[in-house]
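One-letter residues, chain by chain:
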Amino acid sequence: MLRKVAYWIDARLHVSALYASTAGHTVPASAASWFYVFGSGTLLCFVIQIVTGICLAFVYVPSADEAYTSLTYLNDEQTLGWFLRAIHYWGSNFMVGIMLVHMAQVFLFGAYKYPRELTWISGCVLLLCTLGMAFTGQVLRFDQDAYWGLGIGASMMGRVPLIGANLVRLMLAGPIIAGETLSRFFTLHVFVIPGLILALVAVHLRLVLSKGINEYPEPGRQVTKATYEAEYKALLQQEGVPFVPQAIGKDIIFSGLVMLGILCCAAYFGPKGPEGVPDPTYIRTVPRPDVFFLWLYAVLALLPDYLETVLILVAPIVGIALLFALPFIAGTGEKSARRRPVAVLTVVSIFLVGGILTLMGENAPWSPPMEAWSGAPVPAHYIEGRSPLEVQGALVLQNKQCRNCHSLGGSGGQRGPALDDVATRLTGDQLVRQVIQGGGNMPAYGKNLSPAEVAALVAFMQTLHAPHAAVARDATVPERPDEPAPQTTGVGR
Amino acid sequence: MAIQQHDASQAPPTGVSRRKFLLLIGAGLNAIAAALLAAPILGYVFASFGRKGPSQAWISLGPIDTYPENQTRLATYRNPFTRPWDGTTANIPCWVRRITGEQFQVFAVNCTHLGCPVRWFQASRLFLCPCHGGVFYEDGSHASGPPRVGSSSMSTRLRMAHCWCAADNSPRSLSPSKCSCVLTHACARDRIAKGAWYATKGRLLD
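Those protein sequence lines, which keep their order, are chains A and B.
543 is the number that this note's numbering gives the last residue of the first sequence; the numbers go up by one with no jumps.
256 is the number that this note's numbering gives the last residue of the second sequence; the numbers go up by one with no jumps.
Treat the hints loosely; a few may be bogus.
What the hints assert, rightly or not - Simulated coverage check for chain A against chain B, where a stretch passes if three residues somewhere in it have a Cβ under 8 angstroms from a Cβ of chain B:
no.: 1; stretch: 197-207
no.: 2; stretch: 332-343
no.: 3; stretch: 417-424
no.: 4; stretch: 495-506
As the list claims (entries may be wrong) - Just a few of them, taken from the derived set where beta-carbon distance is under 8 angstroms, the chain B residues facing chain A:
no.: 5; residue: Phe96
no.: 6; residue: Pro167
no.: 7; residue: Ala193
Stated by the list, open to error - A short, non-exhaustive set of chain A residues, derived as facing chain B with CB atoms under 8 angstroms:
no.: 8; residue: Asp60
no.: 9; residue: Val109
no.: 10; residue: Ser113
no.: 11; residue: Ala114
no.: 12; residue: Arg256
no.: 13; residue: Leu350
no.: 14; residue: Asn454
no.: 15; residue: Asp471
no.: 16; residue: Asn491
By construction, these hints were calculated from the structure, which means they are not laboratory data.
Glycine residues also receive a C-beta, built at the ideal position from the N, C-alpha and C atoms.
Model the full structure from these sequences, guided by the hints.
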């Protein structure tokens, strides 16, 4: 009975004729490797995102005044709403991660070389689309992080010369973030970019089928344009196996593991946010982007200002141009990573730099913790046995928000150096100068401190050193044991 | 045979056949229709391009007495140019600094680096930005960190013992906007016409 139905469908759709060129197409046996599972893994994540996204769109309201409410409704009231949100969030993390691994694997296996240049290029456009989905998606979680993150994106867009302001208005659907902005991002995230991705995935898969999957590279087997196609055909005849069912096993296992991974992370960690109503008047907020943009967040904090605009505008263009040009720069030659040290070095350094920047973005040492001045008291052993002037100095240290940038006893900001042993680095005069005039990354406090406060503060800081440690002293003053210590102007001790 | 050859020899060697002509008409008609369809769609999508400058309105930030001298306070106002569904995004905060007497400075909360909200600390008289560590002095000038320029203050004026600021419709945290003194408030125009006082940056000239 079922067979009759199958025949009836096949007589109209001709699916079985399609089978030989799609699921059943021949692949080199060496391509049935664990390294080859990441492409299908990425596609699986995308399908999961579409399904969960549709479910979320049943309830989510893309309106500036209702989005946050609908998100909390999804979290708290909608049956399994929190779980759907969590799957969608973790699905996006997994998708970006697996996609990057897929890209690295393709690069290291030389699969971008002749004749698969278009596959690589379509893949690079898919990378940009996925990052676009990540950015628009995090805006749709319309909370404080989203609001201020959007402002930062608009600010960067505004730095484009000549058309910057117009680009900002195009991006925000107006001059400032308002109701229309969210609708625009919703349309991009739900209709425009997914449509583009679906079309590109179709092209990408079509290319994989028409050109064949990359054979497992072997050191010494080089690609030459004249002979590659014939060699590949011979390889298929020699060790070709149908993809289904002989080479799909590892893909299936990996897909199952990815799904389980997403579900476990979603169940254990839950959804992200929303963190706070997107009310611009609530300014006691510390905006942070999602994890896939933390590296950019760190870069923007660490770059010197004269480099920043140039890099923001030029680096993406150069990077994307290099990516697109790669198959034409290095389209022939060795495929095996063992014979391509430059390729390996490139991948290792990119991942290392990206990973370190992401970690730094996570810790954000440049960001002053705004409550440290009142929340992190001076450790008790820095107060014991001090004179009244020095204790007053400790009070000045706290009240003037110094702790927001400087740590004592391990707590406080990391924007400036820790002050636990500042007396071993700076003399009294140097401390006075530094506090009054600032310098390095430190603002000048001269206008905000009275001379008495400066005296107390520096007196306290001169006690900040390990017991019996050598205190910094002025090298121009000779040290003679029989003479009393010289009085430096304005500061005690 | 002879007739067919005769016919064949009469087919025009140059010129347009009927089929080609039909195709040309079809293509031309569709080109016109596509252009007529594309124009409003593009106009809709790129409606914001080439718009002439920001529109402005004066917003009251409250009586002068609510701002103690030598202090900086947070004030909020509702964006006068809103859509009905803007919700909380239409509430705009700003830092109001009363220098002394009737000298005011009003700053947008956006850091000039990339637009995060800066926080004021009275004791140290500094604005600290939580995102990338920008710091500004109380007059808005740059103290440390990534921002390249200091904050510029918005146009302010005093009228009827209230402090007003010019809320304009321009994107925040682009290059510091020049404070333009276009007044849209009807009373203010009368004031200027009568040669009465007109204040920029909060100074009372009289």
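Status of each hint after checking the structure:
1. Figure legend: the stretch 197-207 of chain A, annotated as covered by chain B; annotation consistent (7 residues with Cβ-Cβ distances under 8 angstroms, at least 3 required).
2. With 5 residues carrying a beta carbon less than 8 angstroms from a beta carbon of chain B, the stretch 332-343 of chain A meets the three-residue requirement, and the given coverage holds.
3. With 4 residues carrying a beta carbon less than 8 angstroms from a beta carbon of chain B, the stretch 417-424 of chain A meets the three-residue requirement, and the given coverage holds.
4. With 3 residues carrying a beta carbon less than 8 angstroms from a beta carbon of chain B, the stretch 495-506 of chain A meets the three-residue requirement, and the given coverage holds.
5. Here the hint on Phe96(B) is kept, as its CB sits about 7 angstroms from the closest CB of chain A, short of 8 angstroms.
6. The closest approach between the C-beta of Pro167(B) and any C-beta of chain A is roughly 4 angstroms, which is under the 8 angstroms cut-off, so the hint is satisfied.
7. The closest approach between the C-beta of Ala193(B) and any C-beta of chain A is roughly 4 angstroms, which is under the 8 angstroms cut-off, so the hint is satisfied.
8. With a cut of 8 angstroms, the hint placing Asp60(A) at the interface with chain B is violated, because the nearest CB-to-CB distance is about 38 angstroms.
9. A cut of 8 angstroms between beta carbons decides the hint on Val109(A): the least distance to chain B is about 18 angstroms, and the hint is violated.
10. Annotation: Ser113(A) was flagged as interfacial toward chain B, and the flag holds, the nearest CB pair being 5 angstroms apart, inside 8 angstroms.
11. For Ala114(A), the interface hint holds, since its Cβ comes within 8 angstroms of a Cβ in chain B; the closest pair sits about 5 angstroms apart.
12. Against a cut-off of 8 angstroms between C-beta atoms, the interface hint on Arg256(A) is violated, since the closest Cβ of chain B lies about 28 angstroms away.
13. Of the supplied interface hints, the one on Leu350(A) holds, with its beta-carbon coming within about 6 angstroms of a beta-carbon of chain B, less than 8 angstroms.
14. A cut of 8 angstroms between beta carbons decides the hint on Asn454(A): the least distance to chain B is about 6 angstroms, and the hint holds.
15. Contact between Asp471(A) and chain B, as hinted, is not supported at the beta carbon level, the nearest pair being about 23 angstroms apart and thus beyond 8 angstroms.
16. Because the beta carbon of Asn491(A) sits about 5 angstroms from the nearest beta carbon in chain B, less than 8 angstroms, this interface hint is met.
Hint violations for this structure: numbers 8, 9, 12, 15, all remaining hints satisfied.
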